[in-house]
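Colleague: For the record, the sequence lines run as chains Z and W. So for the first sequence, our numbering puts the first residue at 31; every next one is plus one. So for the second sequence, our numbering puts the first residue at 832; every next one is plus one.
Just so you know, these hints were derived from the structure itself, not from any lab. All clues given are correct.
Chain Z is faced by these chain W residues, among others (derived, beta-carbon under 8 Å):
#1 N857
#2 M887
#3 A890
#4 P901
#5 L908
#6 R964
#7 S982
#8 V993
#9 P1070
#10 A1106
#11 V1148
#12 M1149
#13 V1153
Now the stretches of chain Z that chain W is said to cover, found in silico as 3 or more residues with beta-carbon under 8 Å:
#14 304-313
#15 378-387
Computed from a predicted model, the values in this text were never measured in an experiment. Every residue, glycine too, gets a C-beta built ideally from N, C-alpha and C.
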Amino acid sequence: MGSILGKNSALTWVVHISVLLLVLLWTIPTVGLLISSVRDKDQLVATGWWTSFSTVERNLIKRSAPANEQFKEDGKFILKGNVFADQSGTVTAFGWRSQQPDAYVPGNTAQMRKGKTLKIEADGSYLLISPTAFSSKRGARLFVTVFEKPIFTLDNYSEVLFAEGLGKSFINTMTVTIPATVIPILIAAFAAYALAWMEFPGRAIFLAVVVGLLVVPLQMSLIPLLKLYTTIGIGKSYIGIWLAHTGFGLPLAIYLLRNYIAGLPREIIESARVDGANDFQIFVKIILPLSFPALASFAIFQFLWVWNDLLIATVFLGNNEEQLVMTGRLREMLGSRGGNWEILTASAFVSILVPLMVFFTLQKYLVRGLLSGSVKGG
Amino acid sequence: MEQVLLALFTMVVAVLGCIGYFWGSNGLLALVYPAKGKNGAANIQKSAAIRPWLFMGPAILLLSVYLIYPVFNSIYLSLHGSSGEKFVGFANYTWLINDEKFIESFINNMMWLVIVPAASTFFGLLAAALTDRISWGNIAKSLIFMPMAISFIGASIIWKFVYDFRGEDVEQIGILNAILVHFGAEPQAWIVMPGWNSVFLMIILIWIQTGFAMVILSAALRGIPEETLEAATLDGANPLQIFLQIKVPQIWGSVAVVWTTITILVLKVFDIVMAMTNGQWGSQVLANYMFDWMFRGHDFGRSATIALVIMLLVLPVMVWNVRNLRNEN
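Here chain W stands alone, though its shape is the one from the complex (with noise of 0.2 Å):
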């Protein structure tokens, strides 16, 4: 209990301080260059030219050190040996590209890469065209994108239950096993079938991504004008023609952000593998082995080594985005 009242009173604290410095800041620069007096003018010209910056400050100050100095210090550690002191030049790489198991991980990550945002976005279309057809919709929607609020660690405690494998004389309390014992067939150790483990862990994130994609993609086609719809309608198009060929082509910039959103969430993936492998049987994947050097093989080189190739896996997504952002503006 003391340690929640030691966070509420951190938060408190916090609060006050970024009050404290914006509005300590902002009177200071109302002291400074007062905007009334002889100067008044030049005055508020010139804290209109400052303000901006003490506003901009501790978020350009957090965002330097947490997200863009480590990615120049990263590059630095990969050039460097397992402590991070004695230059190795390109060792690093040298050893990655010859190293068995990233290879097995990077080839893993590919797979994940394109069944996951696929299967996600297949499944969140169909949950969207269907649920808004009918009555009780609503609930549906909330309920298949109910596990995003679950963390994966949870829902790889809640899919390992699934997938349970005991003996075949014993009753099967998996479900997924209880059903193909049901019809006959044997039960399966699924998550120790090489090659095939990794889509039961890749099932994890489809069940947990295909709710966001609905979201989306629903709103996306409540967005369409209804006279294109009304038009084809009346050309005799049927239900199905109308959503291949009139909805999903006007809803492309929605798919889209779906897909890349949900493939630098797949590049990252970590959680789910390590809680129901650790990435043994043939299943790891760059996040988890980058982790494995860090903590277990205490190599900082290596690990930042690998945590770049993940960080040059993203870059096109990047370069998009900003692109993007461009062309808006």
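Same shape as in the complex, but just chain Z (with noise of 0.2 Å):
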């Protein structure tokens, strides 16, 4: 297909500009996303995230020292300090009224009420003279226009994981998707042998159920499975969710799975046969190894599947400490932390790494299972 474009340069160009163009649709969205969070949580809230990596321009109100670190020379009280507890900027404007915070430049010395002077320099050092005692316990309000240099910072991430609970949730998280994707499994990979390779009667309508399942909203399942809960005393668990996730997954899982095994050489199996080997023989030995692929693939899905989903985990398990799962918080702070945009980047990030590194790592059978589910069938 390339050589048909090749001699054509201009078109060549036009096709990378459009998939860079497509490419960075797609991800910038997620960079926004990943910068903000690793960024210090007063300045992702003054700049845009694109803008990251330069000085920031902001207007802050520092305080002095407090009145008992005055002291006296000449007959005039002084304070003094550094309205930058760790150097990181400069001071390019300052005010001692907030009708103008930006008066003065730095260097220059501003005249107060009662006689007192205010001086900043563009390091952020500043001295204030008084002809009378300080007196104020908090310290005076010193107005200063600052470029600050970018900071980034991995607090974000302390917080939301220690603070904010994001920590127990992740385990809850794992708590639920490790058994939810086993589980389903070997149950599938049974009954799409028998779909597959076992002579009975009705096979072919219990292949066609399995396939109408397979979209069948779950919508439809949450309030008689949620009565059914509380009539037989599972109730709000862990293992109600377990196998909530089971059922639903098996359709696809059983799916996918007759596909692959269907698709197996016919030797093989007819010849285990001849061999005398039953078939609970040629499933454990034979086709089970040969699945892995297949099995694989669903595994992924199934992962991706639990660990992202809300509903089930909404409908299916508490809202307490011990069963609230990540998705659920993130819905949470959603509402209680809306603006707090530190909390949620780095939550939301934190969130996604599993499944992105397990995206980029499998994706290989992903690609396949997303195939063998969709193009081979229904």
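Reassemble the complex: the two chains are provided individually, in unrelated frames, and hints are given to aid placement.
Modeller: See below:
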């Protein structure tokens, strides 16, 4: 296909640029999230993430040292210090009234009320001089316009993991996901083998039912199962959600695995039968090992699906510390921490990290599963 | 940590349980109908007749409880009152067709149904066609495919940040508004604009699903026999003509698969709407509305009725899938 286009270099450029545009469109939102999550939380809300590598101009209100740090020199009271805790920026303007926060250039002296003067240097050091003693315990207000160097930090992550309870939710999500991924595989594999290679009445109907169930909306099942769980006493528990995910994942699992197993060469199975092996032995010794790619495909689907699920977790698990999964926690944060982008971005990134890792390392199986699930069959 | 150990323990127990069941039931079968001895041949036949049911047993049980029984129970519930006890006939249905919010949800769902599959398939096809022609196509594909791995709620946060809106006098930190402001326009509060906000929510799903469409369609494009393309080239067709007139018609089957798969997904869309607007500002959809009546309204009857409407909308695809399967066999 490349050869058709290879001669036409202008068109090739158009293709390159179009793909680049598509890729940018598709990655920029995620990149913005990632960069924002490691920015200082005050800078994050001050400027867009795309400017995060340049210095930030901000208007800040700082406080001078409190009155008890004053000392007397030549009959005047003096307070001095630096508006930056860590020398991280440059002052470009300052003032002492909120109406004119940028009235003075650094290095000049501002005349304040009652004969006080204020001088702030570009490096942030300030000098307050007064004929009478300072009395404010909190210090005087200093208005400064500063150029701040970009600050990158992992503080947001430690905050969401430990203070916001995302760490606990991470463990809850793991607790849901591991069994809910593994349990359906075995059950589905046996059923898939039966549907592919065993003769029994009603086989075609079962297959049709499985294909039909592939698209049944989960919404149908929520209320009936919630009632059922309450009746038989499972209530909101991990066992309930494991079984629910198993039940909901089975149609796809059976369908994918059947397609794969049905495609295995007939001779292998026939010759094993001739050798006297029964179906159980054939399944365990031949089919299972050969089906590894299909099993892996489904495992990835189910893992991503369960990890990312919000609906089933909201319905079948409680809202408490012991059971709230990451997606549920994110939803709660969107409500309670709607404006705290440092919390939201870091939390979102923690929750998508594992799926992304799985995605990039096992993409091959994911693609294979998608293709066998949709191209071959319905 | 204890909990993860519990999960691992459960996993091991479940796996051992499964193995135990299949192995045990098979052993039992061999014991009851031994393959050797005077009835050997008959016994082998008998156990061959029983074994499929042992293999299928757990799957049949789980599918019945989790997917088949709920369909019938939902029909039952839809004919009953809020707690599911008092028979109310078709009251829930008449309520439904007169309910403004339901009609809004239905119309929105229809809009989602038209726009999302169409846009995802279009971008998917575009990406598939273009990435197949360049050396770094696989990397590009991988990056476009990546949102598939992100949860709807995670994607919602990502896009909420893109759509972020602040007053005119403050610097915008949402990239969309920043671009607008850069070109001199006024910033907009995207997700509270009635009518348009749904489109901004749809973009999130399109962003997620394009990768899926691309993967399927790219495989389909590569499956087109070289000869037809060569013949067209010899006839002097340009690349665009080849693509539109030779390639696209040959992959209609895959386009249909992509379209229906995304259609099903769209009908069930819930997380995105819940996270972004929770159905406010005219953006409600059926799945979230159903959830609303279930958890906030505590009305199982109405909720089940809405679920049945979703089921009804899915039904044509289900029939089509099953019919395809029959044709295939």
